[in-house]
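Protein chains in written order, with this note's numbering: chain A, 1 to 295; chain B, 1 to 115.
No lab work stands behind these hints, which were simulated from the structure alone.
Check the hints yourself; a few may be wrong.
Part of the chain B face toward chain A, derived, beta carbon under 8 Å [unchecked claim]:
id: 1; residue: I54
id: 2; residue: H55
id: 3; residue: G74
id: 4; residue: K76
Remember, predicted model here, so these are calculated numbers, not experimental data.
Ideal Cβ positions, reconstructed from N, Cα and C, are used throughout, including at glycine.
Spelled out, the chains give:
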Amino acid sequence: MIVAIASGKGGTGKTLVTAALAEVWPRPLVAVDLDVEAPNLHLFLHPRLSPPEDAVIEVPVADPARCTACGACVALCQYKAIALFGDFPTVFPDMCHGCGGCLKVCPSGALTPGSRVLGEIMDGRAGAIGFLMGRLRIGEALSPPLIRQVKARLAEGLAKTAGRVDALIDSPPGTSCPAVAAVSGADVVVLVTEPTPFGLHDLKLARHAFAALGVPVGVVINRAGTGERRVYDYCRASGLPILAEIPFERAIAAAYSRGETAIGVSPGLRDIFDVLAKTIRGLVVSVKERTAAHA
Amino acid sequence: MTLIAITAESSSLDAPVDPRFGRAAGFALVDSEAEGMTWLSNAAAATMSGGAGIHAAETIAKAGARVLLTGRVGPKAQSALAAAGIAVEEDCAGMTVREAVSRYTAKPAKAERRP
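Take the sequences, apply the hints, and build the full model.
Encoded structure:
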């Protein structure tokens with residue numbers, strides 16, 4: 001079972017929820033940080049990490065001596081990664097999305113495959129929990145290819161265990177390509193929000209974006225007790241189950257600032273995450289049973 | 001003659017220099033030895049999500065410009081302009097097109113600099 005913890009709004013508590021869930025989730029489990037632009041799950045799970053491995057994307061390298069200046073690559077590229085000035089092709093590796101199209105259309109063999117480093121992938125263990133993360137290179141604009149490579153690594157690992165291992169994914173915020181790349185393929189999506197106008201606005205976006213994935217979606221309301229009731233009204237009206245409420249407590253923030261999960265703050269919080277873990281598993285199981293009954 | 005491209009907010013020698021290069025409204029093309037100007041619109045850049053600087057460098061290179069006067073050029077546009085062999089003079093923001101050209105033609109050797 002793959003559980004994606006996502007949100008519309010940033011800073012709502014995705015990592016807080018992921019880290020606390022990881023502590024109470026039945027083993028075997030792998031925790032995955034796909035918020036590659038600002039990974040921080042490791043700060044709470046304290047994994048022992050492998051040396052980082054570079055993740056790369058294929059970019060063209062031009063050989064001006066073989067280039068006939070036909071312009072086929074320039075015409076094909078939608079990202080301005082290749083330009084012709086006079087008879088000389090100039091490659092802008094930062095602009096390249098790695099589609100490989102220019103290499104295919106070049107009739108003279110003037111383009112050969114090179115690479116650009118997207119970032120790094122690290123794996124490791126935090127006690128009994130497996131751990132996997134990506135970290136985007138500073139200055140790199142494209143996070144989805146790195147996210148997909150980390151997910152491919154996860155899929156390899158999960159395949160070896162024949163579905164016995166669950167995965168909790170800490171997703172990037174928002175509803176654009178990085179978030180969709182992280183969340184797609186999950187069996188259930190947990191949207192963390194807060195009861196504020198901003199939380200509500202971005203929850204709506206997230207619901208619309210992720211409903212298209214066709215998997216169960218539930219909501220965790222963080223900082224419950226602050227703000228207003230409109231998030232609750234919206235969830236009720238749109239049939240989004242509220243899976244848990246995490247109270248707004250100074251002690252949680254204090255623990256978080258020390259790199260501790262919310263589990264240790266109070267027995268009440270441990271109970272909240274225990275119930276949340278069971279509820280999430282229930283959501284997936286009920287869908288699987290319904291699917292099986294229809295089959 | 002040298003063809004000079006100046007980023008401008010509109011098609012006039014008295015228009016303000018557009019401080020942006022890739023997303024300038026357009027380019028005033030001025031011949032260093034002749035009167036008048038030609039206008040190259042850069043409206044296409046408005047809808048580009050990225051690569052506007054590279055696109056702009058292609059545009060003025062195709063037009064035959066050898067010198068660019070503008071406000072500020074980004075790093076990718078800078079390498080594109082270097083590849084195209086176009087000399088760049090930045091810091092023309094706040095001038096009119098005419099003023100930027102006069103300053104350039106008055107002391108070309110000193111003002112010219114390759115990125």
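Tested hints:
1. For I54 of chain B, the suggested interface contact is upheld, since its CB lies about 4 Å from the closest CB of chain A, less than 8 Å.
2. Interface hint status for H55 of chain B: upheld, as the beta-carbon distance to the closest one in chain A is roughly 6 Å, under 8 Å.
3. Proximity of G74 of chain B to chain A is violated relative to the hint, the smallest CB-CB distance being about 11 Å (cut-off 8 Å).
4. For K76 of chain B, the interface hint holds, the least distance from its beta-carbon to any beta-carbon of chain A being 6 Å, beneath 8 Å.
In this structure, only the earlier hint numbered 3 is contradicted, and the remaining ones agree with it.
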